[in-house]
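There are 4 protein chains.
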Amino acid sequence: MHKGRLEAFSDGVLAIIITIMVLEIKVPHGHGTLADLLPLVPVFLSYVLSFIYIGIYWNNHHHMLSSASRISGVVLWANLHLLFWLSLVPFATGWMGENHFAPATLTLYGAVLLMSGVAYWVLQSTIIRQDGPDSVLAHAIGRDLKGKASPPLYIAGILASLWQPWLAGAIYVFVAFMWLIPDRRIERTLARKAADNRVAP
Amino acid sequence: MHKGRLEAFSDGVLAIIITIMVLEIKVPHGHGTLADLLPLVPVFLSYVLSFIYIGIYWNNHHHMLSSASRISGVVLWANLHLLFWLSLVPFATGWMGENHFAPATLTLYGAVLLMSGVAYWVLQSTIIRQDGPDSVLAHAIGRDLKGKASPPLYIAGILASLWQPWLAGAIYVFVAFMWLIPDRRIERTLARKAADNRVAP
Amino acid sequence: MHKGRLEAFSDGVLAIIITIMVLEIKVPHGHGTLADLLPLVPVFLSYVLSFIYIGIYWNNHHHMLSSASRISGVVLWANLHLLFWLSLVPFATGWMGENHFAPATLTLYGAVLLMSGVAYWVLQSTIIRQDGPDSVLAHAIGRDLKGKASPPLYIAGILASLWQPWLAGAIYVFVAFMWLIPDRRIERTLARKAADNRVAP
Amino acid sequence: MHKGRLEAFSDGVLAIIITIMVLEIKVPHGHGTLADLLPLVPVFLSYVLSFIYIGIYWNNHHHMLSSASRISGVVLWANLHLLFWLSLVPFATGWMGENHFAPATLTLYGAVLLMSGVAYWVLQSTIIRQDGPDSVLAHAIGRDLKGKASPPLYIAGILASLWQPWLAGAIYVFVAFMWLIPDRRIERTLARKAADNRVAP
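Protein chains in written order, with this note's numbering: chain A, 9 to 209; chain B, 9 to 209; chain C, 9 to 209; chain D, 9 to 209.
Next up, chain A with everything else stripped away, as it sits in the complex (with noise of 0.2 Å):
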C-alpha cells in the first residue's frame, strides 16, 4: 500500500503536468480561421516534444517503482525531487514555443531536461543502494546505456544553443526518439526471475 499512494501521487502530479502544458496553447482571438492557427505551430511541436518526453519519463518510473522493494523515506524525497524538475517542463515548453525556439529557451530546456535526468538517476542509485546489487532493478537496469548516454547528450545541447540552436533542438528530439525505442530491460529481467522460480521446486 505504501507504494501504491507513491505511484497514485506520482501518477497525478505526471498527469497534471502532460496536461497543464496543453494550457500554454492559448485560443487566438482571432477571426476563427484557420490562419489564427499558424503562429501556433511552434506552441504545438513543442508541446509534442514535451508530452513524448514525460511519457518516456511515466513508462520509466512505472517500471523502476514496479521493481523497488520497498519504498523508504529518502526513496520518497528522491521521487519528490524528481517531480520538482519535471514539473517545469511545461513552464519551460511554453516559453520555448512563444519565443519560436529562441536560443536562450532551447537553453533553459535542456537545462529543465539535463537536471530531470539527473533526479531520475539519483531516484534509481537510491533504489538500488536500498534494494541491493542483486535487486531486480540492479539486474535490469545492466550497463544503463540510455541512462548514461542522456546526460551529456543534454549538455552537448545546451553548449549547441549558444551556437547553432537548430542543432540543441535536433540533440533533444534525438534523445527522445532513443528512449522511444521500447526499453524492455525491466520487463525481461521481471519475467527471467518469475520463470527461475517457477522452475525452483
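In case anyone wonders, no lab produced these hints; they're calculated from the structure. Glycine included, every Cβ here is placed at the ideal spot set by N, Cα and C. Warning: the hint list may mix true and false statements.
Said to hold, decoys possible - Okay, the calculated beta carbon distance ranges per label pair: (1) A:Leu53 <-> B:Pro159: 22 to 28 Å; (2) B:Gly140 <-> C:Phe52: 54 to 60 Å; (3) A:Val82 <-> C:Pro160: 52 to 58 Å.
Stated by the list, open to error - Computed list of lysine-lysine pairs in BS3-like fashion (alpha-carbon distance at most 27 Å, straight line): (4) A:Lys11 <-> D:Lys11; (5) D:Lys11 <-> B:Lys11; (6) C:Lys11 <-> B:Lys154; (7) C:Lys34 <-> B:Lys34; (8) C:Lys11 <-> A:Lys34; (9) D:Lys34 <-> C:Lys34; (10) C:Lys154 <-> C:Lys11; (11) A:Lys11 <-> B:Lys11; (12) B:Lys154 <-> B:Lys34; (13) B:Lys11 <-> A:Lys154; (14) C:Lys154 <-> D:Lys11; (15) B:Lys11 <-> C:Lys11; (16) C:Lys34 <-> A:Lys11; (17) D:Lys34 <-> A:Lys34; (18) A:Lys11 <-> D:Lys34; (19) A:Lys34 <-> B:Lys34.
Put chains B, C and D on the given structure of chain A with help from the hints.
Structure of chains B, C and D alone, referenced to chain A:
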C-alpha cells in the same frame, strides 16, 4: 497492478481534460447581470458536446482495458497516443465556442475527433493483436459497426464545415448520440464468458 | 474493480473542481500590501461556501457508491451527469465572488446547486432501482429528509435572489450547514447489516 | 477501501496544489532572452519553498493515515479542513513571489502555514481521540516536538514580517528544513509493533 496504474494514469488525464475545459468558460467582467452570460451560450454548448465525447471515451476506454489480458509496452504507447489527441479537445472546444462555431473551428474540431477516433482504433487493434482473435475484446467488438462508422462521419463533418457549417455541427452531435446509446457488447461477452466458466467443471 | 475505477475517476474530477476554484482567487497586481487583499474578501467567502458544498458532495458520493452493489452503464452516465453540473460550480463561484454577490450571480449559483441536487437524486434513484428496495442504500436513505428538503430550498433561494439577494445567500449557507451535520444513516445501516451477518451462522 | 478513497482524494488534491503553483510562474512575453527570466527568480524561489512544504505535508499525511485504524465522519471533515488551508498555499506563494517578498505577503504566507499547521494538529488529535492513547499513532507521535514547535515559529514569522521581513522568510525556511529531516517516528513504531506481533505465537 501493471494494468491498474495505466488505468489510474488514464483516469487522471481524462479527469483533468474534462475539467480543464470548464476553464474556457471565462468569468465575464461585466456588471453581474444575466445579460453577461449571453455571449457564453456557444461556449457552454460546445462544452456540453465535448463533455459528452470525453465521457464516451472514458466509458469505452474503461471497458476496453478491463477486457485486456495484459499491458505491453506497445499498448502503453498506443494509450498515450490516444491521450495526446484527447488532450487537444479542450483547445478545439474553446476555439469553437469563442468564435461561435465559425467554419474553420468546426474543421479543427472534426479533425481532433477524427484523430482521437483513429488513435482509439489503433489502441483497440493493438490489444486484439496481442490477446488474439479468441480474446474477450475481439468477441466483444464483433463487427464494430459504431467504430467503423465514426471516421467516415468525422470526415463528412470536416468536409461539410467548409461548405455548410451547421451540417458539420449536426454530424458531430449525431455521432455523440450514436455512441451514447449504451455499448453493452463487451459487458455482455464478459458475462457470457463468466457463465461458460461456471458451467465447465 | 469496475466500481473502483468509477470512484477513482469521480475522485479525480472532484479533486480538480475543488482545487480549480482557488484559481479564481487571482493574485492581485498591487503593491503587495494587505489592502490589496480587501477586494478579494467576497471571492474568498464564495470559495469557502463552494469548498464546503463540494466536500459534502464528495462525502455523500463516497457513502452512496460504497453501498452500491454494482455499476451498470446507466449508473455510469448518471454519475457523469452529476459531475457535469458540479463542474460548473467553479464558474458560478467565481462570477458570484467577483461581482460581490450581485442578484443575477446568486440566481445562477442557486441554479447550479439545484441542478447538482437533482443530478444527485437521479444517481441515487438509479442505484436503488438497480439494487432493489431491500438494498443497503434504500434502507440507509430511509425517508431522506435532507434530500427532499434541498431542491425546494434551492428554488426558494433562486426566487429570493430576484427580490432579496442577502436572503438567497442565507439560504445557500443554511443548506450547506444542514448537510454538514454528519450523515451517519448509511454508515449505521452498513454497520447493522454487518452485525446481522455476524449473528447469522 | 474507505481509507483508500480518502487517501486517493487527498493525493489528488495535493498533487493538483503542488502542480497548480507552477502556473504562477507565468511565461514571460519578452524577447526570449535569459534576461526575461530574471524577474521570475523570486517567484521561482517561493515555488521551491512551497513545493517543499506541500511535499512535507504529503509525506506526513501519508504516514499519519496509514497508522489510523478507521475513518469516521469527523476524520473526513478534519481532513477536508486541512486540504482547505493547503489549497490557499498557491495563492499565498504567487502573491509573495510576484511582490518580491514584500512584508504583507510574508504575513499572509505565515498565516496560511499557521492555519495549515493547526488543521494538521486537529486531524492528528481527532485520529488519536478515535483510536485511543495506545494506538500506533499516539505512540509514534510521542512528545511531538516538531509539531509543538511549528505554530510558535510561524507566529514568530508573522510578527517578524511586520518588522524585519527577511527574518520572517528565514524562519519559514528554517521550519521547512526542520521537517525535512526525515520523520521516522511513525515508521519505527509500526516496525516495532510488527516485530512484537511476529514474536508473539
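- Query: Does the structure break any of the earlier hints, and which numbers would those be?
  - Reply: 8, 12, 16 and 18
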